[in-house]
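Engineer: Produce the complete structure using the sequences and hints provided.
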Amino acid sequence: MSALVVLPVVVPLLAAAVLLLFRGQREFQRVLATGATALLLVVSAVLLAQVSAQGILAVQLGGWQAPFGITFVADHLSAIMVLITAVMALASAVYALVDIDPEREASGFHPLFQVLLVGINGAFLTGDLFNLFVWFEVMLIASFVLLTLGSSRAQLEGGIKYVSVNLVASMLFLTAIGLLYGFTGTLNMADLAVVLPEHDAGLVTTIAMLFMVAFGIKAAVFPLFFWLPASYHTPPIAISAFFAGMLTKVGVYALIRTFTLLFVADVGYTHTILLWIGGLTMVTGVLTAAAQNDIRKILSFHIVSQIGYLIVALALYTPLALAGAVFYLVHVIIAKANLFLIAGITRRLSGSFDLRHIGGLFQHAPFLSVLFLISALGLAGIPPLSGFWAKLLVIAAALEAAQWWVTGVALAVGLLTLFSMTKIWQYAFWSPLTNGVVLAQRPSRLLYAPTIALALLILLLGLWSEPLIALSDAAAAELLDPSRYVQAVLGPATSDVGLGAGHAPVAGGRP
Amino acid sequence: MEVPFAFLVGVLFASGLYLMMQRNLLRFVFGLLLLSGAVNVLIFTAGRLSRGVPPIIPEGLAAPAGPVANALPQAVVLTAIVIGFGLIVFTLVLVLRVYERLGTVMTEELGPALVRSPDAREEP
Numbered sequence: 001m002s003a004l005v006v007l008p009v010v011v012p013l014l015a016a017a018v019l020l021l022f023r024g025q026r027e028f029q030r031v032l033a034t035g036a037t038a039l040l041l042v043v044s045a046v047l048l049a050q051v052s053a054q055g056i057l058a059v060q061l062g063g064w065q066a067p068f069g070i071t072f073v074a075d076h077l078s079a080i081m082v083l084i085t086a087v088m089a090l091a092s093a094v095y096a097l098v099d100i101d102p103e104r105e106a107s108g109f110h111p112l113f114q115v116l117l118v119g120i121n122g123a124f125l126t127g128d129l130f131n132l133f134v135w136f137e138v139m140l141i142a143s144f145v146l147l148t149l150g151s152s153r154a155q156l157e158g159g160i161k162y163v164s165v166n167l168v169a170s171m172l173f174l175t176a177i178g179l180l181y182g183f184t185g186t187l188n189m190a191d192l193a194v195v196l197p198e199h200d201a202g203l204v205t206t207i208a209m210l211f212m213v214a215f216g217i218k219a220a221v222f223p224l225f226f227w228l229p230a231s232y233h234t235p236p237i238a239i240s241a242f243f244a245g246m247l248t249k250v251g252v253y254a255l256i257r258t259f260t261l262l263f264v265a266d267v268g269y270t271h272t273i274l275l276w277i278g279g280l281t282m283v284t285g286v287l288t289a290a291a292q293n294d295i296r297k298i299l300s301f302h303i304v305s306q307i308g309y310l311i312v313a314l315a316l317y318t319p320l321a322l323a324g325a326v327f328y329l330v331h332v333i334i335a336k337a338n339l340f341l342i343a344g345i346t347r348r349l350s351g352s353f354d355l356r357h358i359g360g361l362f363q364h365a366p367f368l369s370v371l372f373l374i375s376a377l378g379l380a381g382i383p384p385l386s387g388f389w390a391k392l393l394v395i396a397a398a399l400e401a402a403q404w405w406v407t408g409v410a411l412a413v414g415l416l417t418l419f420s421m422t423k424i425w426q427y428a429f430w431s432p433l434t435n436g437v438v439l440a441q442r443p444s445r446l447l448y449a450p451t452i453a454l455a456l457l458i459l460l461l462g463l464w465s466e467p468l469i470a471l472s473d474a475a476a477a478e479l480l481d482p483s484r485y486v487q488a489v490l491g492p493a494t495s496d497v498g499l500g501a502g503h504a505p506v507a508g509g510r511p
Numbered sequence: 512m513e514v515p516f517a518f519l520v521g522v523l524f525a526s527g528l529y530l531m532m533q534r535n536l537l538r539f540v541f542g543l544l545l546l547s548g549a550v551n552v553l554i555f556t557a558g559r560l561s562r563g564v565p566p567i568i569p570e571g572l573a574a575p576a577g578p579v580a581n582a583l584p585q586a587v588v589l590t591a592i593v594i595g596f597g598l599i600v601f602t603l604v605l606v607l608r609v610y611e612r613l614g615t616v617m618t619e620e621l622g623p624a625l626v627r628s629p630d631a632r633e634e635p
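So the protein lines, in turn, are chains A and B.
Here our numbering is used: the first residue of the first sequence is 1, the next is one more, and so on.
Here our numbering is used: the first residue of the second sequence is 512, the next is one more, and so on.
I should point out that these hints are in silico values taken from the structure, not numbers from a laboratory.
C-beta: ideal position from N, C-alpha, C; glycine also.
Any given hint could be a false lead.
Unchecked claim - The calculated label-pair distances, taken between Cβ atoms and stated as ranges, are:
| id | chain 1 | residue 1 | chain 2 | residue 2 | range |
| --- | --- | --- | --- | --- | --- |
| 1 | B | A525 | A | D200 | 24 to 32 Å |
| 2 | B | R608 | A | V31 | 29 to 37 Å |
| 3 | B | E513 | A | G55 | 39 to 47 Å |
| 4 | A | Q426 | B | G614 | 36 to 44 Å |
| 5 | B | M617 | A | Q50 | 52 to 60 Å |
| 6 | B | Q533 | A | G268 | 34 to 42 Å |
| 7 | B | M617 | A | S2 | 50 to 58 Å |
| 8 | A | T34 | B | S561 | 51 to 59 Å |
| 9 | B | S561 | A | E198 | 17 to 25 Å |
| 10 | B | I567 | A | G268 | 46 to 54 Å |
| 11 | A | V31 | B | E619 | 44 to 52 Å |
| 12 | B | A582 | A | D266 | 31 to 39 Å |
| 13 | B | G614 | A | V31 | 38 to 46 Å |
As the list claims (entries may be wrong) - Which stretches of chain B does chain A cover? Using the computed rule of at least three CB atoms under 8 Å from a CB of chain A, they are:
| id | segment |
| --- | --- |
| 14 | 542-553 |
| 15 | 578-592 |
| 16 | 604-611 |
Structural biologist: Set out below in structure tokens:
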């Protein structure tokens with residue numbers, strides 16, 4: 001049973017190792033990579049079922065008790081994130097079978113993608129801040145290589161921005177970890193949740209701000225998001241789509257985890273800053289999107305604006321808002337990645353990503369148009385699609401908390417998102433073709449499979465949203481009551497006494 | 512002993528950040544190198560600088576008998592050094608590749624170099 005918590009990390013890790021051994025054999029790699037990702041989906045689904053049946057699961061690797069060992073924890077939030085990662089991974093892996101050229105496959109696309117999954121799942125499941133850093137780095141280094149794989153000039157130019165800004169974020173993250181360790185003498189998150197309230201709230205908040213900046217860069221919030229639209233449009237679509245769906249959300253997850261479990265000493269201060277950041281992120285993202293003509297760039301700026309909703313939901317810090325955040329996470333990952341995948345097919349049909357050069361797709365590819373419409377309207381929050389419930393929860397929470405301006409901003413940004421999606425629809429699908437070509441090549445049917453599945457998921461989550469809302473509620477309840485997390489990791493006896501004997505014999509002592 | 516180290520960390524941070532704000536990508540990498548060194552010294556200092564016996568648990572006991580040196584910061588720094596090494600090597604290769612393909616390592620020339628390049632419209 002306890003092995004289940006580490007399986008979402010172990011499965012892709014083993015797959016990556018085997019894939020590396022069979023580097024030359026393309027067919028075998030393709031089958032194994034897809035199979036391993038499908039297995040990951042099964043494992044993740046079982047994990048979520050177990051977590052919702054039994055509550056928070058914790059494992060201490062190597063038999064060392066927390067807070068000394070390596071702790072893996074799966075609560076509702078982690079399990080939901082792991083499951084949605086697996087869903088997106090499978091969609092991207094199937095799409096990649098057609099989209100990734102043999103040259104990139106030969107340079108190791110498949111093992112790298114599995115390593116990326118290792119890093120992401122590790123970050124979601126770890127119960128230790130330093131391990132969170134390590135998993136982040138595993139994810140980052142894999143994403144660096146995936147982003148620049150193939151070394152086209154555009155990729156290199158975007159890659160240098162992506163790499164440099166993310167490395168600065170990592171250094172800040174590590175600095176914050178060092179300071180927090182010097183301050184408290186522990187890095188286990190459950191242990192920190194117990195120890196931190198005993199310390200000076202002012203100093204804790206200072207360190208919290210360092211974490212906020214570090215995770216803020218990774219989550220691409222205002223004003224730290226410029227690396228994202230500068231780089232996300234450069235790699236092949238299968239990679240872009242997965243990055244667009246998942247990577248920034250790992251940063252958001254880290255923000256949610258630390259600012260519900262650890263840094264809640266001065267909610268009035270930290271979460272007000274988050275509220276402003278969230279509001280500004282929504283507005284700047286959606287306004288800059290309006291000025292773009294490349295579909296991928298429009299979508300990249302929308303990633304930023306959607307992150308704003310998530311940060312606002314975290315900042316409101318009420319049960320309804322956090323449930324909204326979890327629902328929104330799942331919805332936006334699916335909708336955003338699917339829009340990227342559809343943009344990839346659009347490019348294959350029309351030969352370009354530039355709205356000025358494409359048109360008439362509704363006439364030539366009506367089915368693709370319907371898929372786009374579902375995803376785009378879902379992103380904008382039109383009922384009965386998943387985005388409607390996601391936005392409804394967040395906006396209802398903002399109204400409940402009497403945060404009028406943020407409610408207004410959220411509604412306005414929703415409208416502007418609709419405007420942006422209408423722009424793509426109008427140029428690429430509805431208007432007759434003026435200059436350019438239609439049907440540059442007929443895309444393989446395999447490209448449609450993941451987009452159809454994801455569009456159905458958007459529809460399903462809209463029409464039958466109750467199971468996910470129930471899960472989100474459970475996740476929010478756990479997030480707002482850290483004692484359950486602490487008990488699951490440290491056990492009921494130690495949760496109030498703190499640490500016991502192990503920390504005592506340190507020369508120089510715990511501060 | 513911690514105070515001089517705190518100043519050392521400060522100086523390293525300042526020099527690292529100064530270098531990172533230069534337009535030359537190579538200097539940026541050197542700045543990164545200094546910064547990652549600074550963070551490692553910071554973690555080491557945060558674990559308190561003191562002389563102590565190695566943290567070895569005697570036979571039959573569950574915890575060390577007397578006060579021992581704190582081994583955790585060393586483990587953390589060791590991990591951080593390895594990760595930092597990997598990241599910096601990757602960044603150096605990336606900068607080299609950028610120089611080979613775009614012909615410059617100056618940040619303000621990267622954009623124009625991309626627009627000028629023959630495969631500017633190149634789509635993946």
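Engineer: Run every hint past the structure and note whether it holds.
Structural biologist: We went through each hint and held it up to the structure:
1. A beta carbon spacing of about 26 Å between A525(B) and D200(A) agrees with the range 24 to 32 Å that was offered as a hint.
2. Under the hint 29 to 37 Å, the C-beta atoms of R608(B) and V31(A), about 31 Å apart, fit the expected range.
3. For the pair E513(B) and G55(A), the supplied restraint of 39 to 47 Å holds, since their beta-carbon distance comes to about 42 Å.
4. One distance hint, 36 to 44 Å for the beta-carbon pair Q426(A) and G614(B), holds here, with the actual separation near 40 Å.
5. Between M617(B) and Q50(A) the C-beta distance comes to about 54 Å, which sits within the given range of 52 to 60 Å.
6. The supplied range of 34 to 42 Å is met by Q533(B) and G268(A), whose beta-carbon atoms lie about 40 Å from each other.
7. Remark: the range hint 50 to 58 Å for M617(B) to S2(A) is upheld by a beta-carbon distance near 53 Å.
8. Between T34(A) and S561(B) the C-beta distance comes to about 54 Å, which sits within the given range of 51 to 59 Å.
9. Here the CB-CB span from S561(B) to E198(A) is close to 23 Å, well matched to the stated 17 to 25 Å.
10. The hinted range of 46 to 54 Å is satisfied by I567(B) and G268(A), whose Cβ atoms lie roughly 47 Å apart.
11. The hinted range of 44 to 52 Å is satisfied by V31(A) and E619(B), whose Cβ atoms lie roughly 47 Å apart.
12. The hinted window of 31 to 39 Å between A582(B) and D266(A) holds, with their beta carbons roughly 33 Å apart.
13. Our hint of 38 to 46 Å for G614(B) and V31(A) holds, since their Cβ atoms are close to 41 Å apart.
14. For the segment 542-553 of chain B, the stated coverage by chain A is satisfied: 5 residues place a CB nearer than 8 Å to a CB of that chain, which reaches the threshold of 3.
15. Restraint check on the segment 578-592 of chain B versus chain A: 9 residues with Cβ-Cβ distances below 8 Å, three needed, restraint holds.
16. Taking a C-beta to C-beta cut-off of 8 Å, the segment 604-611 of chain B contributes 4 residues in contact with chain A, enough for the three needed, and the coverage statement holds.
Of the numbered hints listed earlier, not one is contradicted by the structure.
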